[in-house]
Amino acid sequence: MLIKKGAEANLYLEEWHGIKAIIKKRMPKKYRIYELDTKIRQTRTVREAQLIRNAKTVGIPSPIIYAIDLEKTTIIMKHIEGTRVKEVLNTPTFEKKQELCYQIGQLIGQLHNAGIIHGDLTTSNMIVSKNRIYLLDFGLGDHSIDLEERGVDLLLIKRAFQSAHYQYFKQCFDGLIKGYKQEVGEEMSKEVMKRLRDIERRGRYTSRGELHEG
Amino acid sequence: MMASEFICLGIESTAHTFGIGIASSENGVLVDVKSVYKPPIGAGIHPREAAQHHCEEAPSVINQALKEFGRKIDSIDTVAFSMGPGLGPALRTGATVARALATWLNKPLVPVHHAIAHIELASLLTGAKDPLVILVSGGHTTITAYAGRRWRVFGETEDITLGNLLDVFAREASLLSPGGPAVESLAKKGEKFIDLPYVVKGNDVSFSGLLTAAKKKLQMNYDLKDLCHSLQEVAFSMVAETSERALAFTEKKEVLLVGGVAANERLQQMISEIACEHNANFYVVPKRYSGDCGAQIAWTALLVHRSGIEVKVEKSYVKPKWRLDQVTIPWRDVQNCL
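Sequences listed follow chains A and B, in order.
Heads up: the first sequence at position 189 corresponds to 193 in our numbering, and the numbers run straight through without jumps.
Heads up: the second sequence at position 161 corresponds to 171 in our numbering, and the numbers run straight through without jumps.
Source of the hints: derived by calculation from the structure; they are not laboratory data.
Mixed in with the good hints there might be a few duds.
[Stated by the list, open to error] In silico PhoX-like cross-links for lysine-lysine, where the CA-CA straight-line distance does not exceed 25 angstroms:
| id | chain 1 | residue 1 | chain 2 | residue 2 |
| --- | --- | --- | --- | --- |
| 1 | B | 235 | A | 43 |
| 2 | A | 34 | B | 202 |
| 3 | A | 43 | B | 331 |
| 4 | A | 43 | B | 202 |
| 5 | B | 226 | A | 43 |
| 6 | B | 227 | A | 43 |
| 7 | B | 199 | A | 174 |
| 8 | A | 9 | B | 227 |
| 9 | B | 235 | A | 34 |
| 10 | A | 34 | B | 263 |
| 11 | B | 198 | A | 8 |
| 12 | A | 198 | B | 331 |
| 13 | A | 90 | B | 198 |
| 14 | A | 43 | B | 198 |
| 15 | A | 43 | B | 199 |
| 16 | B | 198 | A | 34 |
| 17 | B | 199 | A | 34 |
| 18 | A | 162 | B | 331 |
Here chain A stands alone, though its shape is the one from the complex:
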């Protein structure tokens, strides 16, 4: 049964050897030419499975991978029941926004400590399930300890807060940075934040001292 048609892949909830499992299939994109499309889908399928496995070994909640099928660019994994962080944060009655973001910051810090870059941090790629936050969708990720990659990771989640959660931007991003600092330490956190600002400045239409704060 198709449960989600995402930009990157379709998600199906199916019976798989007697258990409920998510089948994540990266669909061919009509707009992309064949050579490019095949390469992108296969690379990301492999990368996602590898990175989730590595993230799990350092204790990051993420779905258990049951199997992958490279021919069909498909990953079969555990079904996580819960609510996307996107919906949780935009619930006006939910008061613990900053605490939730603190925990997200901790998870990102743990990933970075383990040399993993998520590559696509948005609030729709995180699920709250039984008081734990699960990270999903590692397809754009990488193994890296580069400051640049870490900076981009934080920039992506900052932008997600600015655009989709602009009403709560400050409390969310402040909470996230505190949690991140808790994991990576004062010094590394400072360096990554400095790089984040450098990356923003490199972009279009940002000037020194006039950085966009949401």
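Got chain A; can you put chain B on it based on the hints?
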């Protein structure tokens, strides 16, 4: 009708185009005249040269616009200008003309954000109400949607823009300016796909590595038609992918493609496919108005002025680095939900 009609003359001068547009609150765009600075083959836009061009061309463009307008000059109610973002010297030339006209006519001066003007004119011409906007030009590569009185940026380039990528590549290949159309027509004849770096970071894109790689392949004497084809395929696929991500995330029911590169047929085809895939209506700015023009400034100024926004001549400094998401939009009456 005529009594309540409000007329605005708008001046565009952010980059290579000096344009005058005249728009009416009742009848939309009335006049659109422009003169485009063309750098020599192999060179880019030199800001000072562009400003010089605008300075020399301004009188004849204004005269032509007023001639086409055909009514008395004092029927113009406000004068507007592109306040930013753009090239400082070019912006200042347009602003100087606007200040002089406003002072002479004794009419209010209205500041307009160039990118928002692209979006507003395209919305008028296509009828899009609450779209996910993909703005691709020499100055912008931005994926944005309106919420809470601002355009919120969901994705953008982390370095150079799509228009910039095509222009610089075309310049290196000694193609005629503007580079986009030159690359497009060669790409149509290209067949072989040459592997080039595809860089997507979440909803963001980065083109600088792609440009360097394409330039290297150019020096290695790869077939120019194949290179143009491959460059377009890789760059446009990156934009299409990030747009699709933003579309899935925002769940908007309309997609609007605007800016100079929106005129590219291959890009239109890709974006219309992602819109179709997510059951959203696809709109693209008409080719005639995809590039920079005075009409976008004149039309948007009507909306800006209706919200009570004006600027005093002595305070009308240009803003070369004015970000799209820093502008508060009082005039859009769309629901704020995402």
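Tested hints:
1. For the suggested pair residue 235(B) and residue 43(A), the alpha carbons sit about 22 angstroms apart, so the restraint of at most 25 angstroms is met.
2. This hinted pair checks out: residue 34(A) and residue 202(B) have alpha carbons roughly 18 angstroms apart, not beyond 25 angstroms.
3. With a CA separation close to 38 angstroms, the supplied pair residue 43(A) and residue 331(B) exceeds the 25 angstroms bound.
4. Our distance criterion of 25 angstroms between C-alpha atoms is met by residue 43(A) and residue 202(B), whose separation comes to about 16 angstroms.
5. Proximity of residue 226(B) to residue 43(A) is assessed by CA-CA distance (about 22 angstroms); at most 25 angstroms being required, the pair is judged to hold.
6. Proposed proximity of residue 227(B) and residue 43(A) is supported: the alpha carbons are some 20 angstroms apart, at most 25 angstroms.
7. With a CA separation close to 51 angstroms, the supplied pair residue 199(B) and residue 174(A) exceeds the 25 angstroms bound.
8. Of the pairs offered as hints, the one joining residue 9(A) and residue 227(B) is violated, with about 37 angstroms between alpha carbons and a cut-off of 25 angstroms exceeded.
9. The hinted pair formed by residue 235(B) and residue 34(A) meets the criterion: a straight-line CA distance of about 22 angstroms does not exceed 25 angstroms.
10. A threshold of 25 angstroms between alpha carbons decides the hint, and for residue 34(A) with residue 263(B) the separation of about 20 angstroms falls inside it, so the pair holds.
11. With a C-alpha separation of about 36 angstroms, the suggested pairing of residue 198(B) with residue 8(A) is violated against the 25 angstroms cut-off.
12. For the hint pairing residue 198(A) with residue 331(B), the CA-to-CA distance comes to about 21 angstroms; that is within 25 angstroms, so the pair holds.
13. Restraint check for residue 90(A) and residue 198(B): the C-alpha separation of about 42 angstroms exceeds 25 angstroms, so the hint is violated.
14. About 23 angstroms separates the Cα atoms of residue 43(A) and residue 198(B), which keeps this hinted pair within 25 angstroms; it holds.
15. A distance of roughly 24 angstroms separates the Cα atoms of residue 43(A) and residue 199(B); the hinted pair therefore holds under the 25 angstroms criterion.
16. Taking the CA atoms of residue 198(B) and residue 34(A), the gap is about 18 angstroms. The hint holds against a cut of 25 angstroms.
17. Of the pairs offered as hints, the one joining residue 199(B) and residue 34(A) holds, with about 20 angstroms between alpha carbons and a cut-off of 25 angstroms not exceeded.
18. Distance check on the hinted pair: residue 162(A) and residue 331(B) sit about 21 angstroms apart at the alpha-carbon level, within 25 angstroms; holds.
Violation of the numbered hints given earlier is confined to hints 3, 7, 8, 11 and 13; the remaining hints are satisfied by the structure.
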